[in-house]
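Trainee: Chains as they are written, first to last, in my numbering: chain F, 1 to 172; chain X, 1 to 172; chain L, 1 to 172; chain G, 1 to 172; chain Z, 1 to 172; chain U, 1 to 172.
Just so you know, the hints here were simulated from the structure itself, not pulled from any lab data. Heads up, none of these hints are tricks.
One copy or any two copies: either way a pair holds, since identical chains are not told apart in the list.
Result set (DSS-like, lysine-lysine): computed pairs, CA atoms no more than 30 Å apart in a straight line:
#: 1; residue 1: Lys159; residue 2: Lys106
#: 2; residue 1: Lys123; residue 2: Lys106
#: 3; residue 1: Lys106; residue 2: Lys156
#: 4; residue 1: Lys156; residue 2: Lys110
Since the model is a prediction, treat every value here as computed from it, not as a measurement.
Here's the letter readout for the chains.
There are 6 protein chains.
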Amino acid sequence: MSKNSRVPNDSFTTMTELVLPNDTNTLNNLMGGRLLHLMDIAAAISAQKHSGRIVVTASVDNVSFQEPIALGDVLTLQARVTRAFTSSMEVYIEVTAENIPAGIRKATNKAFYTFVAVDQMGKPINVPELIPQTQEEQELFAGALRRRQLRLILAKRMKPEDATELKSLFFS
Amino acid sequence: MSKNSRVPNDSFTTMTELVLPNDTNTLNNLMGGRLLHLMDIAAAISAQKHSGRIVVTASVDNVSFQEPIALGDVLTLQARVTRAFTSSMEVYIEVTAENIPAGIRKATNKAFYTFVAVDQMGKPINVPELIPQTQEEQELFAGALRRRQLRLILAKRMKPEDATELKSLFFS
Amino acid sequence: MSKNSRVPNDSFTTMTELVLPNDTNTLNNLMGGRLLHLMDIAAAISAQKHSGRIVVTASVDNVSFQEPIALGDVLTLQARVTRAFTSSMEVYIEVTAENIPAGIRKATNKAFYTFVAVDQMGKPINVPELIPQTQEEQELFAGALRRRQLRLILAKRMKPEDATELKSLFFS
Amino acid sequence: MSKNSRVPNDSFTTMTELVLPNDTNTLNNLMGGRLLHLMDIAAAISAQKHSGRIVVTASVDNVSFQEPIALGDVLTLQARVTRAFTSSMEVYIEVTAENIPAGIRKATNKAFYTFVAVDQMGKPINVPELIPQTQEEQELFAGALRRRQLRLILAKRMKPEDATELKSLFFS
Amino acid sequence: MSKNSRVPNDSFTTMTELVLPNDTNTLNNLMGGRLLHLMDIAAAISAQKHSGRIVVTASVDNVSFQEPIALGDVLTLQARVTRAFTSSMEVYIEVTAENIPAGIRKATNKAFYTFVAVDQMGKPINVPELIPQTQEEQELFAGALRRRQLRLILAKRMKPEDATELKSLFFS
Amino acid sequence: MSKNSRVPNDSFTTMTELVLPNDTNTLNNLMGGRLLHLMDIAAAISAQKHSGRIVVTASVDNVSFQEPIALGDVLTLQARVTRAFTSSMEVYIEVTAENIPAGIRKATNKAFYTFVAVDQMGKPINVPELIPQTQEEQELFAGALRRRQLRLILAKRMKPEDATELKSLFFS
Numbered sequence: 001m002s003k004n005s006r007v008p009n010d011s012f013t014t015m016t017e018l019v020l021p022n023d024t025n026t027l028n029n030l031m032g033g034r035l036l037h038l039m040d041i042a043a044a045i046s047a048q049k050h051s052g053r054i055v056v057t058a059s060v061d062n063v064s065f066q067e068p069i070a071l072g073d074v075l076t077l078q079a080r081v082t083r084a085f086t087s088s089m090e091v092y093i094e095v096t097a098e099n100i101p102a103g104i105r106k107a108t109n110k111a112f113y114t115f116v117a118v119d120q121m122g123k124p125i126n127v128p129e130l131i132p133q134t135q136e137e138q139e140l141f142a143g144a145l146r147r148r149q150l151r152l153i154l155a156k157r158m159k160p161e162d163a164t165e166l167k168s169l170f171f172s
Numbered sequence: 001m002s003k004n005s006r007v008p009n010d011s012f013t014t015m016t017e018l019v020l021p022n023d024t025n026t027l028n029n030l031m032g033g034r035l036l037h038l039m040d041i042a043a044a045i046s047a048q049k050h051s052g053r054i055v056v057t058a059s060v061d062n063v064s065f066q067e068p069i070a071l072g073d074v075l076t077l078q079a080r081v082t083r084a085f086t087s088s089m090e091v092y093i094e095v096t097a098e099n100i101p102a103g104i105r106k107a108t109n110k111a112f113y114t115f116v117a118v119d120q121m122g123k124p125i126n127v128p129e130l131i132p133q134t135q136e137e138q139e140l141f142a143g144a145l146r147r148r149q150l151r152l153i154l155a156k157r158m159k160p161e162d163a164t165e166l167k168s169l170f171f172s
Numbered sequence: 001m002s003k004n005s006r007v008p009n010d011s012f013t014t015m016t017e018l019v020l021p022n023d024t025n026t027l028n029n030l031m032g033g034r035l036l037h038l039m040d041i042a043a044a045i046s047a048q049k050h051s052g053r054i055v056v057t058a059s060v061d062n063v064s065f066q067e068p069i070a071l072g073d074v075l076t077l078q079a080r081v082t083r084a085f086t087s088s089m090e091v092y093i094e095v096t097a098e099n100i101p102a103g104i105r106k107a108t109n110k111a112f113y114t115f116v117a118v119d120q121m122g123k124p125i126n127v128p129e130l131i132p133q134t135q136e137e138q139e140l141f142a143g144a145l146r147r148r149q150l151r152l153i154l155a156k157r158m159k160p161e162d163a164t165e166l167k168s169l170f171f172s
Numbered sequence: 001m002s003k004n005s006r007v008p009n010d011s012f013t014t015m016t017e018l019v020l021p022n023d024t025n026t027l028n029n030l031m032g033g034r035l036l037h038l039m040d041i042a043a044a045i046s047a048q049k050h051s052g053r054i055v056v057t058a059s060v061d062n063v064s065f066q067e068p069i070a071l072g073d074v075l076t077l078q079a080r081v082t083r084a085f086t087s088s089m090e091v092y093i094e095v096t097a098e099n100i101p102a103g104i105r106k107a108t109n110k111a112f113y114t115f116v117a118v119d120q121m122g123k124p125i126n127v128p129e130l131i132p133q134t135q136e137e138q139e140l141f142a143g144a145l146r147r148r149q150l151r152l153i154l155a156k157r158m159k160p161e162d163a164t165e166l167k168s169l170f171f172s
Numbered sequence: 001m002s003k004n005s006r007v008p009n010d011s012f013t014t015m016t017e018l019v020l021p022n023d024t025n026t027l028n029n030l031m032g033g034r035l036l037h038l039m040d041i042a043a044a045i046s047a048q049k050h051s052g053r054i055v056v057t058a059s060v061d062n063v064s065f066q067e068p069i070a071l072g073d074v075l076t077l078q079a080r081v082t083r084a085f086t087s088s089m090e091v092y093i094e095v096t097a098e099n100i101p102a103g104i105r106k107a108t109n110k111a112f113y114t115f116v117a118v119d120q121m122g123k124p125i126n127v128p129e130l131i132p133q134t135q136e137e138q139e140l141f142a143g144a145l146r147r148r149q150l151r152l153i154l155a156k157r158m159k160p161e162d163a164t165e166l167k168s169l170f171f172s
Numbered sequence: 001m002s003k004n005s006r007v008p009n010d011s012f013t014t015m016t017e018l019v020l021p022n023d024t025n026t027l028n029n030l031m032g033g034r035l036l037h038l039m040d041i042a043a044a045i046s047a048q049k050h051s052g053r054i055v056v057t058a059s060v061d062n063v064s065f066q067e068p069i070a071l072g073d074v075l076t077l078q079a080r081v082t083r084a085f086t087s088s089m090e091v092y093i094e095v096t097a098e099n100i101p102a103g104i105r106k107a108t109n110k111a112f113y114t115f116v117a118v119d120q121m122g123k124p125i126n127v128p129e130l131i132p133q134t135q136e137e138q139e140l141f142a143g144a145l146r147r148r149q150l151r152l153i154l155a156k157r158m159k160p161e162d163a164t165e166l167k168s169l170f171f172s
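Produce the entire structure from the sequences given, and follow the hints as far as they go.
Mentor: Here it is as structure tokens:
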């Protein structure tokens, strides 16, 4: 593997957090915004590991919250880079929540964040490419192009008709 | 206006925050995840005002971060409900950051969060409808349907070919 | 309006906060000191807007706490400058607390803070004057002189017999 | 000393705090509101010690901030009850700040807070009386009546012409 | 493996944390007490995983801090149970700190914490035994007895002359 | 007393803290790690007072937690230097917890932390010697040598057979 490439395991990051009172709403459940904050930190560390650089958050894709997570639960966040572009990286994060005394563990959230590697002045800087290894990693790598087109359209930086990869989502 | 409807102004919420050291990265800029957390709180309060209920975050749509926000900047978050569905509400949040001593003010982010109104047991409960008033509010109201289809597709709860509203994004 | 004057609306600041567990005492009510902290931040941002400068807290006047504010309540703090002196500004803050699911909203506190505008070295620097517009603003503007004399006496920097404005409080 | 009286030493409370980054403004000085928060906690503990009860903040008197306190300074807050009324107590707090490596120590602030003792339902409940011991304690005890009249006038719960104690401030 | 035994991997816990401004002293290095706090959380989660119970910290053994850890570093804490006694567990935690942009990674701390498993009333409750697998795990398992005797002596709950295991530390 | 010596009272530090929701576990008791954090801050301030220098934590000795401390309790931490070595200091900390409304006060923890005095570059620097005054202070001073040998052995920086002071613990 050359200096200018990394495998997903190089950026693999596991974060474990206890849900504390100040993280919760009046139903004693974790607030969505607090989880978005934790996912950003886990993903940023993963992007740092891939690039060996300071990184800044460029975007978060749609995240849905379907499972309540309770006060006292143990959160596990697992993040790894799925694809690198010139100076940016897409990171995939999976969250599980566990009520250990009750013996209940559930997958609760997944998200894609993107980061830009920057130098000390905050200017974008090139990052190593990502070489996917497993089949799951290859699928995440391939899908990254489609997700990127969606981000560009939503940020009004690409015309929908040019999003050839994304269209396959609707007409495959 | 009936008991069962609200106008966007009823849920209008302004939040002002100072960017503190613990909110920043090693470049002294606000971390993206912290901003996602603040937007979630502002939007949740807005959804509470519309529904008069406890609300839980159901999703956040794609958010991009294009402008760095510095330590000491004053953040202004403005949130209001754009459309209500059975028990859920879409909230639009706009963020501006201001370096007051430097006289610089910039629009930095906008986002759509959705919330579900729940009772004391956490069960979904109906919310009043939203009646848009201004032209901008009507456009946000109309677009809410398209954004909802995109959320459902991304959550794999709708087939792309059924997303008739969303398709117009690509072929209008 | 000249460069060297501002109207109260120029410094109007709205802050919305959720009362979180760590803000509360063992009765699950907001601690007074936490509210004094939030009012200071809202008022400081208001004074920054008026002066376009870094500001430091110079004083807070007597504040009374007559209404308990509960965990989960939504606080709204509204601040604006009432009068400017050479390098200092008086800011008036009004607080309301709302239990949205219960449909209860109450005015809970009001306070006057003063701030001094400073340069990067922390030295006081002149601020624009404040031109009150409405009748309420004119009354606040007029009362600022009396409150200032009371502050100076309490800080033992003015002799009570020289406080001509303040005396009218007792003998009007 | 009967069960129903206490001396100031019974409620003497010393709190030591390190000024941390998140407590400071962009000049790296402690924010006034954070200090008001810390003084409230120290004073509340003092009032708890006097009364043996849960206490809630009733008011803070005018506080002025004349000395900047820097990041890394060590704060010492000393609080004790100065006088008890039916169910309320006045607490006097003195703050010193020390830059230990520089060998600089300065008295920075003093304040009077009042608290009401409450039962588990939040209802006011009688407190022991305070018997001052030293001459300084007797002066604080005597002045408490005057400060109380000022609070009542400022809260519009006493007419200025009835504040016989306070008038002596202006015409002694 | 029976229901009443676990292997060290069952309790393996990885925690990743970013060193934030409020965690640091005036040299911009992580404060020792903050690291002790993070190690306690990582170790408690590990003990929860082993026992499937609520756990409370019983002790921490001597911890030394020989390497400064800087603001912005990424901390990795890895914890696993080394031995179980009736209702208590010893957990071993290793900490590494990484300055990713500088490409520097160092092992900084290791510690042993012990926890007691408790029921909902806070009463101690039996835990599964721990069956070490690898040679390193067997050595940690064996040493746990010696460390336990040292803890009991230091807590004055065992006479030094009865600490047969510990003596071997001095006369082996 | 010369410039180069101090008595224990010179470094005496009292810290008072309220146990807040975010400090507690799901049994509403103070987490051990949070207490270790508070003891580190109190002890560091004490070592600063003795040395007049910036200090960094070098070690904490075995600490045991035998008494639960509840949400709302008032913690009192008292710290003072027990002995100075070339550039390091041992600090003794005693913790009491008080449930004031219940009238219950208990000694809960004691600990020894050591600190190194450093200059602005983080290099160790000599500290004044400590001259114990009372009999208790003399015993703490004498024991400091034994505790130091134990620390060095545990850090594998001294051979057990050279720990002549420590051996007396086992064979006195």
